[in-house]
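Chain by chain, the residues run as shown.
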Amino acid sequence: MVGLQLVAADLFPRGVLPYLLGGLFIGLGVAVIYVGTGISAGASTFLESTLSYASSVPRFQRYRASRDWRVLFTLSIVAGAAMYSLAFGEFGWTTDVQPWRLLAGGVLVGVGTRVGKGCTSGHGVCGVGSASRTSIVNVATFLAVAIGVAQLVAALGVSP
Amino acid sequence: MVVGGLLFGFGLAASRMARPEIVLDFLQLEDLGLLFVMGGASAVAGLGFFLGPRLFDGAPLTGKAYERRLKSMDRDVLVGGVVFGVGWGISGICPGAAYASLGIGNVAILWAIAGMFVGAYAQGYWRAHRSATGPEGQGAD
Chain A
1 MVGLQLVAAD
11 LFPRGVLPYL
21 LGGLFIGLGV
31 AVIYVGTGIS
41 AGASTFLEST
51 LSYASSVPRF
61 QRYRASRDWR
71 VLFTLSIVAG
81 AAMYSLAFGE
91 FGWTTDVQPW
101 RLLAGGVLVG
111 VGTRVGKGCT
121 SGHGVCGVGS
131 ASRTSIVNVA
141 TFLAVAIGVA
151 QLVAALGVSP
Chain B
1001 MVVGGLLFGF
1011 GLAASRMARP
1021 EIVLDFLQLE
1031 DLGLLFVMGG
1041 ASAVAGLGFF
1051 LGPRLFDGAP
1061 LTGKAYERRL
1071 KSMDRDVLVG
1081 GVVFGVGWGI
1091 SGICPGAAYA
1101 SLGIGNVAIL
1111 WAIAGMFVGA
1121 YAQGYWRAHR
1131 SATGPEGQGA
1141 D
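Respectively, the protein sequence lines represent chains A and B.
Under this note's numbering, the residue at position 30 of the first sequence is numbered 30, and the numbers go up by one with no gaps.
Remember, this note's numbering sits 1000 above the position in the second sequence when you count from 1.
Just to be clear, a hint being listed does not mean it is correct.
Derived pair list, reagent style SDA-like, types lysine to any residue, alpha-carbon separation capped at 25 Å [to be verified]:
hint : chain 1 : residue 1 : chain 2 : residue 2
1    : B       : K1064     : A       : Y63
2    : B       : K1071     : A       : A140
3    : B       : K1071     : A       : P18
4    : B       : K1064     : A       : W69
5    : B       : K1064     : A       : T134
6    : B       : K1071     : A       : V71
7    : B       : K1064     : A       : A140
8    : B       : K1064     : A       : G38
9    : B       : K1071     : A       : A8
10   : B       : K1071     : A       : A155
11   : B       : K1064     : A       : A144
12   : B       : K1071     : B       : P1053
13   : B       : K1071     : A       : L11
14   : B       : K1064     : A       : V137
15   : B       : K1071     : A       : T94
16   : B       : K1064     : A       : D68
17   : B       : K1071     : A       : Q151
18   : B       : K1071     : A       : D68
19   : B       : K1071     : A       : T134
20   : B       : K1064     : A       : V71
21   : B       : K1071     : B       : G1105
22   : B       : K1064     : B       : R1075
23   : B       : K1071     : A       : L156
24   : B       : K1071     : A       : F88
25   : B       : K1071     : A       : T50
26   : B       : K1071     : A       : A144
Derived from the structure by calculation, the hints contain no laboratory data.
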């Protein structure tokens, strides 16, 4: 028993409950949208659909039909997170991860999520939730690569 | 849509996924809590995907027929997954969590959001160019 508790404290230093509760809310959000509207909401298509306001590249124009609700969805995500942080006194938190990491990571995430047809919410939540084989393959791929890269970055001594 | 988005953002903030540090801790295998985020989220979402079509003939708000979200499997899914993984591993951010991070007041995340738009634009431009000039042009997915 003691051994098991040690392993648990080691693997989950911040406990499990906040993660589980947060995950349940994320899933509930996706479920509410799907049951109400028939739409599987992913967060990353917003990038391309919003570009259609500003760019005439045909690739982005495909998303004209969905771009308005995607903007609304994204603003609601921002607002929902703001509600949580204001309610629990966590508003105003900023990351210490260096800007170049955020920017470079962001560019690659932007390319990868669009080439790979989805992100952690589209593939990870909607796709895995509906047992899509494509999504499971995509999630397994990006998880494995991300773990390797994060280890490498840490090993190079980049922190934060 | 708004209610769902609010819940989604609330959950991202509550799960701490909106903090790149927590995601990086997970990827460095120092805190595996994120497994519960994704597990919990896909389980509840899966329940919605299961129940929706059984409760209603079509979506009550839009009249849209319920469809499964099945995307075709091809090389792009793997290539995209690898590129996404490198980016996620470097920065600890992904699209939904980045929007939520802005909501908790994290202004620095604008670097990441700007980066994502640049990346999305670059691939759209490049692919539009490729399908216009390439002989076989893999075209629409």
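Status of the hints after comparison with the structure:
1. B:K1064 <-> A:Y63: holds, 17 Å
2. B:K1071 <-> A:A140: Holds - the C-alpha atoms of A140 of chain A and K1071 of chain B are around 16 Å apart, at most 25 Å.
3. B:K1071 <-> A:P18: Judged against 25 Å, a Cα distance of about 31 Å means the pair is violated.
4. B:K1064 <-> A:W69: holds, 15 Å
5. B:K1064 <-> A:T134: holds, 24 Å
6. B:K1071 <-> A:V71: holds, 23 Å
7. B:K1064 <-> A:A140: violated, 31 Å
8. B:K1064 <-> A:G38: holds, 6 Å
9. B:K1071 <-> A:A8: Status violated; Cα separation ~36 Å.
10. B:K1071 <-> A:A155: violated, 36 Å
11. B:K1064 <-> A:A144: With a Cα-Cα distance of about 36 Å, the restraint between K1064 of chain B and A144 of chain A is violated, given a limit of 25 Å.
12. B:K1071 <-> B:P1053: holds, 19 Å
13. B:K1071 <-> A:L11: Violated. K1071 of chain B to L11 of chain A sits at ~34 Å, over the 25 Å cutoff.
14. B:K1064 <-> A:V137: violated, 28 Å
15. B:K1071 <-> A:T94: violated, 36 Å
16. B:K1064 <-> A:D68: Within the cut-off at roughly 17 Å; holds.
17. B:K1071 <-> A:Q151: Not satisfied, since the Cα-Cα distance of roughly 30 Å exceeds 25 Å.
18. B:K1071 <-> A:D68: Holds, because 22 Å separates the two Cα atoms, which is no more than 25 Å.
19. B:K1071 <-> A:T134: holds, 6 Å
20. B:K1064 <-> A:V71: The hint holds at about 20 Å.
21. B:K1071 <-> B:G1105: Distance ~34 Å between K1071 of chain B and G1105 of chain B Cα, so the pair is violated.
22. B:K1064 <-> B:R1075: With a Cα-Cα distance of about 31 Å, the restraint between K1064 of chain B and R1075 of chain B is violated, given a limit of 25 Å.
23. B:K1071 <-> A:L156: Measuring from Cα to Cα gives roughly 37 Å; hence the hint is violated.
24. B:K1071 <-> A:F88: Given that 25 Å is the threshold and the Cα spacing comes to 38 Å, the pair is violated.
25. B:K1071 <-> A:T50: Measuring from Cα to Cα gives roughly 21 Å; hence the hint holds.
26. B:K1071 <-> A:A144: Distance ~21 Å between K1071 of chain B and A144 of chain A Cα, so the pair holds.
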